[in-house]
Amino acid sequence: MVEDPVMSTAKEAILQRIRAALGDDQPGWGTQSTREDTRSLNIERGYRTHGETKKQQRVGLFVRHVEEYKARVSQISEQKLPQTVADICSAEKVKKLVIPPGLDEKWLPGPESGLTFLRDEPDLLSYDELDKSDAVLTGCFRAVAQTGTIVLNAGPGQGRRALTLIPDFHICVVRREQVTGIVPEVFWDLEPVIREEGAPVTFISGPSATSDIELDRVEGVHGPRRLHVVIV
Amino acid sequence: MNISLFVACFNDTLYPETGIATVQLLERLGHRVDFPREQTCCGQVHYNTGYQDETVSLAKRFVDIFSDAETVVAPSASCVGMIREFYPKLAILSGDRKLIRDVDDLLPRVYELSQFLVNKLELEDVGACYPHRVTYHPTCHSLRMLRVGDAPLRLLKKVKGIDLVELPGAEECCGFGGTFAIKNADTSMAMLTDKIARIKETGAEVCTASDNSCLMHIGGALNRQREEVKVVHLAEILASTEAASTETNSPNSGYKKSGSQNSGSTESGPTKSGTPNP
Amino acid sequence: MSSSETGIHPTFEKTARSFLDNSQLRSNLGHATRTIRDKRRGVVDEMPDWEELREAGRQIKQKVMQNLDHYLLQLETSVTRAGGVVHWARDAAEANRIILDLIKERGETEAVKVKSLTTDEIGLNKALAKEDIMALETDLAELIVQMAGDEPSHILVPAIHKNRSEIRDLFRDKLGKPDLTDNPAELTEAARRYLRKKFLSAKIGISGSNFAVAETGTVAVVESEGNGRMCTTLPQTLITVLGIEKIIPAWQDLEVFMQLLPRSSTAERMNPYNTFWTGTTEGDGPQEFHLVLLDNGRTQVLADPAGRETLHCIRCSACLNVCPVYERTGGHAYHSVYPGPIGAILTPQLRGLSDKSAASLPYASTLCGACYEVCPVKINIPEILVHLRGRVVRHNKNWGGIRGKVNPELMGMKWLAWTLRSRSRYERAQKMARKGQRWFMHDDVISKLPGMLSGWTAMRDLRPVAEQTFREWWRTRS
Ligand code: SF4
Numbered sequence: 001m002v003e004d005p006v007m008s009t010a011k012e013a014i015l016q017r018i019r020a021a022l023g024d025d026q027p028g029w030g031t032q033s034t035r036e037d038t039r040s041l042n043i044e045r046g047y048r049t050h051g052e053t054k055k056q057q058r059v060g061l062f063v064r065h066v067e068e069y070k071a072r073v074s075q076i077s078e079q080k081l082p083q084t085v086a087d088i089c090s091a092e093k094v095k096k097l098v099i100p101p102g103l104d105e106k107w108l109p110g111p112e113s114g115l116t117f118l119r120d121e122p123d124l125l126s127y128d129e130l131d132k133s134d135a136v137l138t139g140c141f142r143a144v145a146q147t148g149t150i151v152l153n154a155g156p157g158q159g160r161r162a163l164t165l166i167p168d169f170h171i172c173v174v175r176r177e178q179v180t181g182i183v184p185e186v187f188w189d190l191e192p193v194i195r196e197e198g199a200p201v202t203f204i205s206g207p208s209a210t211s212d213i214e215l216d217r218v219e220g221v222h223g224p225r226r227l228h229v230v231i232v
Numbered sequence: 001m002n003i004s005l006f007v008a009c010f011n012d013t014l015y016p017e018t019g020i021a022t023v024q025l026l027e028r029l030g031h032r033v034d035f036p037r038e039q040t041c042c043g044q045v046h047y048n049t050g051y052q053d054e055t056v057s058l059a060k061r062f063v064d065i066f067s068d069a070e071t072v073v074a075p076s077a078s079c080v081g082m083i084r085e086f087y088p089k090l091a092i093l094s095g096d097r098k099l100i101r102d103v104d105d106l107l108p109r110v111y112e113l114s115q116f117l118v119n120k121l122e123l124e125d126v127g128a129c130y131p132h133r134v135t136y137h138p139t140c141h142s143l144r145m146l147r148v149g150d151a152p153l154r155l156l157k158k159v160k161g162i163d164l165v166e167l168p169g170a171e172e173c174c175g176f177g178g179t180f181a182i183k184n185a186d187t188s189m190a191m192l193t194d195k196i197a198r199i200k201e202t203g204a205e206v207c208t209a210s211d212n213s214c215l216m217h218i219g220g221a222l223n224r225q226r227e228e229v230k231v232v233h234l235a236e237i238l239a240s241t242e243a244a245s246t247e248t249n250s251p252n253s254g255y256k257k258s259g260s261q262n263s264g265s266t267e268s269g270p271t272k273s274g275t276p277n278p
Numbered sequence: 001m002s003s004s005e006t007g008i009h010p011t012f013e014k015t016a017r018s019f020l021d022n023s024q025l026r027s028n029l030g031h032a033t034r035t036i037r038d039k040r041r042g043v044v045d046e047m048p049d050w051e052e053l054r055e056a057g058r059q060i061k062q063k064v065m066q067n068l069d070h071y072l073l074q075l076e077t078s079v080t081r082a083g084g085v086v087h088w089a090r091d092a093a094e095a096n097r098i099i100l101d102l103i104k105e106r107g108e109t110e111a112v113k114v115k116s117l118t119t120d121e122i123g124l125n126k127a128l129a130k131e132d133i134m135a136l137e138t139d140l141a142e143l144i145v146q147m148a149g150d151e152p153s154h155i156l157v158p159a160i161h162k163n164r165s166e167i168r169d170l171f172r173d174k175l176g177k178p179d180l181t182d183n184p185a186e187l188t189e190a191a192r193r194y195l196r197k198k199f200l201s202a203k204i205g206i207s208g209s210n211f212a213v214a215e216t217g218t219v220a221v222v223e224s225e226g227n228g229r230m231c232t233t234l235p236q237t238l239i240t241v242l243g244i245e246k247i248i249p250a251w252q253d254l255e256v257f258m259q260l261l262p263r264s265s266t267a268e269r270m271n272p273y274n275t276f277w278t279g280t281t282e283g284d285g286p287q288e289f290h291l292v293l294l295d296n297g298r299t300q301v302l303a304d305p306a307g308r309e310t311l312h313c314i315r316c317s318a319c320l321n322v323c324p325v326y327e328r329t330g331g332h333a334y335h336s337v338y339p340g341p342i343g344a345i346l347t348p349q350l351r352g353l354s355d356k357s358a359a360s361l362p363y364a365s366t367l368c369g370a371c372y373e374v375c376p377v378k379i380n381i382p383e384i385l386v387h388l389r390g391r392v393v394r395h396n397k398n399w400g401g402i403r404g405k406v407n408p409e410l411m412g413m414k415w416l417a418w419t420l421r422s423r424s425r426y427e428r429a430q431k432m433a434r435k436g437q438r439w440f441m442h443d444d445v446i447s448k449l450p451g452m453l454s455g456w457t458a459m460r461d462l463r464p465v466a467e468q469t470f471r472e473w474w475r476t477r478s
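Residue numbers (the numbering used here), protein chains in the order written: chain A, 1 to 232; chain B, 1 to 278; chain C, 1 to 478.
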């Protein structure tokens, strides 16, 4: 970054104000050295760091919470995926399905489904192409049972963020072993990814919604209006 | 037990019957009650309005007067809340080391009446009788600052003859807030209007609480609106006995006016039904 | 600063009065706050470790404030490392200037914007409009407010003061759709279509942020509608304004706030969308990211150890929804983008106490404590309110000139304290009041008082001094 003289003054001024503000003689606050001590102080984390340990229960809870968000859920075995995807697409009148890079090809329905796959490689799809698509099919990084949340981190089979944002219908495949219990677990799992790659992370908990008009919940404002979660 | 009564300045001046009831109740339970005459005010009004410097001197006085007491009991949740929550902070603010020590030393011995009965004496049935339909308003300070929890309700439930009805939206503030009722009179009144509607819904004859300040607020509007519902401090209900309640079947017949207890007591002295005439 | 943040406003009590008369507002607001309040309680009650989370949240924020300089520098380093550019702004004007220049340098005249209190606080939209740059609000409620030329009235549901037919009329007019009905789904659809075009072509996105992680440089936006994702993902350039208090030390700390915030704000286990981005990512999202760190009075708040806790706020608006005062007056009475209990403590500290309107806010509370009880980071709002009242009183004593020194409240309070400091003076005052009150008594009650006290007796009777005070009774006994 080029050193802009005005900017560096603002920076210095703010830091100066902070140090002056904290340099008070109140008991418990105080000098630089005690402030460094407070920084190394550990926070009391008395809250739960792990949730339900039984996979079956975790999945059940996840399903219940996702359904409360009015998303659809199917539970099937992985071999049935191509057929299920084809069925969902035909039921929802999907013709053009967006496929992110790295998605397991075994998940895709065959040509008999009549679907057109829009692939984001080698060239990126334009926003316009995405807007004209009918749906996107992705995997995910994790799912959280406690909150019914799907976590994306732009990994293989998930694609860049625009892919799960512009199409109006999102079909998301969640493997049973990807379902974690509670929120802290997923932040724990994400930490290395964030530290090493700084990948963008998206949490999705049901389709977009607003309650801005007299607190009436309306599904589907800007994000995908429909979400179908397929658990394998 | 030797109990020093802190009656609170507005009870002393406006609601003597509450103090009297407290004395009678505690004596009936076999305790010795003393009233240190030097006491005036805990300083709550000053503190809450922003006059902290003025409060320090009042806090000092309070601590001096009660420092030797075995136990201090007050029939006012907000005053005890003030003392428990803010005296330590005030003391630190004043920088007076002696005050900090004295406050620390005194605090564990200061109780609000219902907490004293339920938590300290471990009593619920105090042998009271009050054959009236009563609803209980948990005042904000008793609920959220002092955390008396259900102590007042547990006491009320054991009162003979009482018809205790739940107050809908009980935990909502009545809109008093000390000087708030004056500075923001309109907003305060809007809150009070809703509270009164709730009280009327219960069909209770009496609304009770552990603080006369809120009752003064609620009763003030009930009286203005010529409502039949009366406000009566918890201490007075707990002090009532069978003997007193057979004298009359109206909760305030000790009063000459038909209005609420706020209608004053200029002729009959500080008595009202449920509080035996001293 | 925007007009909502500067200039002379009436005091809280003056505006509150006019809103109390607005029964439409009161019923909208009453319905809304009650709905969210009950839902919040439900999702909080299902958390067995809620108190532990609150305590952890409080401690994290406290640690941040004690070391704010350190964490800001750390954030700057990590954001820069991740491909972002960090700017520092002492005040609103400086922040607006930075953003204006960024947009102009890119030759743009339009930006899409996601709801943000911080950008409202600095009056960004107006500052941009002055130089012919249109910042389009994309949140449904904010769009409504922007179209109506209005001010938001609630942190979370800014258009809570408008009902569906008012919104229908507005959309019919502004979106040129004369056949719209007042069905919320249909109104929402109309907004969606209008905004979608804008999103897909926008070159600049502007956002605030809920959290920024010092350690990793990750910035978070928590939202419901998806417009936040649109604004932070689709444009080439993203500009984010961050109040310096929004920082948190480590990635792990998000696990605390991402549990506290959704349940406290929208009363959901998790809100529909959260976006966390760390600088820029090749081939995904904006290729240019600018983070503007904003002071604008925050260091002033930090300087008061007893008020500092105010900066812990995560803007969930739970305190608004439980506040009996806010429920009845609405947000506009606070004359600030921060209404309700949090506004009552934040605004006077940000603006300073010479601002009469801001200085009236600490009194806009009964100190009932409902806000403290729900606050996910345990800000002791009642205590800070009382502390600020103390500052207002001292401010008036010291700076109020002669009028400050002889104001009736101050004199009355001083006299009262003097009286209460002595038993004999106190007892004499009781007797004098008993004599004096005869002038005001009517039917054995006081129903009319002069001056300041008339506020009480306008609508309530007052009990007179008893014929025999408690202490007089006690004397007869012994
Ligand atoms: S003060 Fe607490 S309750 Fe109010 S908005 Fe801030 S975090 Fe939420």
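For the record, the hints were derived by calculation from the structure and aren't laboratory data. All C-beta atoms in this analysis are idealised placements derived from N, C-alpha and C, irrespective of residue type, glycine included. Some hints could be false.
Unchecked claim - If you want a taste of the chain C side facing chain B, the calculated C-beta under 8 Å gives, among others:
#1 Thr15
#2 Arg17
#3 Ile60
#4 Lys448
#5 Leu453
#6 Trp456
Quick rundown of the hints versus the structure:
1. Because the closest C-beta pair between threonine 15 (chain C) and chain B is about 11 Å apart, greater than 8 Å, the hint is violated.
2. Hint status for arginine 17 (chain C): holds, given a least beta-carbon distance of 5 Å to chain B, under 8 Å.
3. Interface hint at isoleucine 60 (chain C): violated, since its Cβ lies 24 Å from the closest Cβ of chain B, which is beyond the 8 Å cut-off.
4. For lysine 448 (chain C), the shortest C-beta to C-beta distance to chain B is roughly 11 Å, which exceeds 8 Å, and the interface hint is violated.
5. This hint holds: leucine 453 (chain C) has a C-beta 6 Å from the nearest C-beta of chain B, less than the 8 Å allowed.
6. For the restraint placing tryptophan 456 (chain C) at the interface with chain B, the shortest Cβ-Cβ distance is roughly 5 Å, inside the 8 Å limit, so the hint holds.
In this structure, the earlier hints numbered 1, 3, 4 are contradicted, and the remaining ones agree with it.
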